[in-house]
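Trainee: The chain contents come next:
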Amino acid sequence: MTNKDRLRALLQDVFLLTDGEFRFDLKREDVDTWDSFGVVSLAVGVQQTFGYHFTPEEASGLTGVADIIAVLESHGIRFDD
Amino acid sequence: MIKVPDAVPPHMIGDRLGRRVAVVASPSVRDRIAQLLPWPLVRDLADLPADLDGLIVAGGGDLIDRAKLLRRGRPALRLAAMPTIWGSGAEASPIAVENTAVGKRIHVDPALLPDLIVTAPELGRTVSSERARHACGDAWSHALEAFLSPLATDSLRVDLALLLREMLTLPLAYDHRWYTVSAAACAAQAQSSVGLVHGLAHTLEPVAPAACRSHAVLCSVCLLPVMRFNQQHSAKWSLFEQHAVDEHGAFAVLHALFDRERFAAIQPLIAAHWMTVLRDPCTRTNSALVRPGDLAFFESFVA
Chain A
156 MTNKDRLRAL LQDVFLLTDG EFRFDLKRED VDTWDSFGVV SLAVGVQQTF GYHFTPEEAS
216 GLTGVADIIA VLESHGIRFD D
Chain B
525 MIKVPDAVPP HMIGDRLGRR VAVVASPSVR DRIAQLLPWP LVRDLADLPA DLDGLIVAGG
585 GDLIDRAKLL RRGRPALRLA AMPTIWGSGA EASPIAVENT AVGKRIHVDP ALLPDLIVTA
645 PELGRTVSSE RARHACGDAW SHALEAFLSP LATDSLRVDL ALLLREMLTL PLAYDHRWYT
705 VSAAACAAQA QSSVGLVHGL AHTLEPVAPA ACRSHAVLCS VCLLPVMRFN QQHSAKWSLF
765 EQHAVDEHGA FAVLHALFDR ERFAAIQPLI AAHWMTVLRD PCTRTNSALV RPGDLAFFES
825 FVA
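Protein chains in written order, with my numbering: chain A, 156 to 236; chain B, 525 to 827.
What the hints contain is simulated information worked out from the structure, not anything from laboratory work. Glycine included, every Cβ here is placed at the ideal spot set by N, Cα and C. Don't take every hint at face value.
Said to hold, decoys possible - Derived Cβ-Cβ restraints for the label pairs, each shown as a range:
(1) R803/B / D235/A: 32 to 38 Å
(2) R784/B / D160/A: 36 to 42 Å
(3) D180/A / E765/B: 28 to 34 Å
(4) E771/B / S215/A: 29 to 35 Å
(5) H772/B / K182/A: 44 to 50 Å
Said to hold, decoys possible - Derived contacts from chain B toward chain A, CB cut-off under 7 Å, selection only:
(6) A759
(7) L813
(8) R815
Next comes chain A alone, as it looks inside the complex (with noise of 0.2 Å):
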């Protein structure tokens, strides 16, 4: 499984999503439980699934599926696979 893999079926777990309705160029605007509660158990989720701990500027700064890629590259995980 790919880290690409990997973040979609987490994103589509914490936010609940149906693979219908999860894109890549999703905005936090597009999930309507991309809310307060959402950004707690985004962090969770990345901390389990990636090993790595957002700050609570970074998880409350994100504004979409790509700024979640962006983040987690500047800290070494790869999704070019």
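Add chain B to chain A, keeping to what the hints say.
Mentor: Same frame as chain A, but now just chain B:
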């Protein structure tokens, strides 16, 4: 640091609530409250006079939460909470749970925090042993979920570790120290969060069979499976060792709180309402991520 309102026994209240004070008490303790407090008893919160300076509400978590919500609309009114049983910790938190036609509604607002706690632990001496055990489970669920919360600060965890070590010395039965401990546990979860135990309890309370239809019972019954789940999945589980909290001692307590028959009775309901559990705000601040596929863990859980 865990912040709890000042706590005083009845004879030390003095004029801290102003001159015009009334008392509302649960029916089961009304006679005993009338002997402990010199102020007039009012039958119901809806009957309070308009010109009061202070209100003392004596009862369990539901009544205290109703008084907190009422006081939010009357900010000049000073509120003292006098818990008749420990466990909910409603007297020590800025959170109120409202029972509505569509389920539980959780309010979080600094204006909900009572000004004063009135301590009368002798009121708990007559509580049945089963109710006392479940009240202990309610306090344990607050303390453990707050300790493992992704929102807890390091300094709060230091205080919670001290609290958990004290709780490990207490019986799952009446002990006057439970009043102080459960108030601190509830105040601590208000400064961090609760988790899946509360997500399950809030979801199942309206639909559970009568023997399980209480917040304290559901917390007590769900604690062991949820903590086993967290033990397997949470990156925060090592906090027990880091803070020298006896994990095995804690699990011994959770086994004593667990009730196999009651858990078997709610297992089909967990499955039927799993998506509601996942959407509950408490579940979403659990120590470990709770995913749709994790239902299998709870469907197959054996103590």
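Trainee: With reference to the structure, classify each hint as holding or not holding.
Mentor: Verification of the supplied hints:
no.: 1; hint: R803/B / D235/A: 32 to 38 Å; verdict: holds (34 Å)
no.: 2; hint: R784/B / D160/A: 36 to 42 Å; verdict: holds (39 Å)
no.: 3; hint: D180/A / E765/B: 28 to 34 Å; verdict: violated (42 Å)
no.: 4; hint: E771/B / S215/A: 29 to 35 Å; verdict: holds (32 Å)
no.: 5; hint: H772/B / K182/A: 44 to 50 Å; verdict: holds (46 Å)
no.: 6; hint: A759; verdict: holds (5 Å)
no.: 7; hint: L813; verdict: holds (4 Å)
no.: 8; hint: R815; verdict: holds (4 Å)
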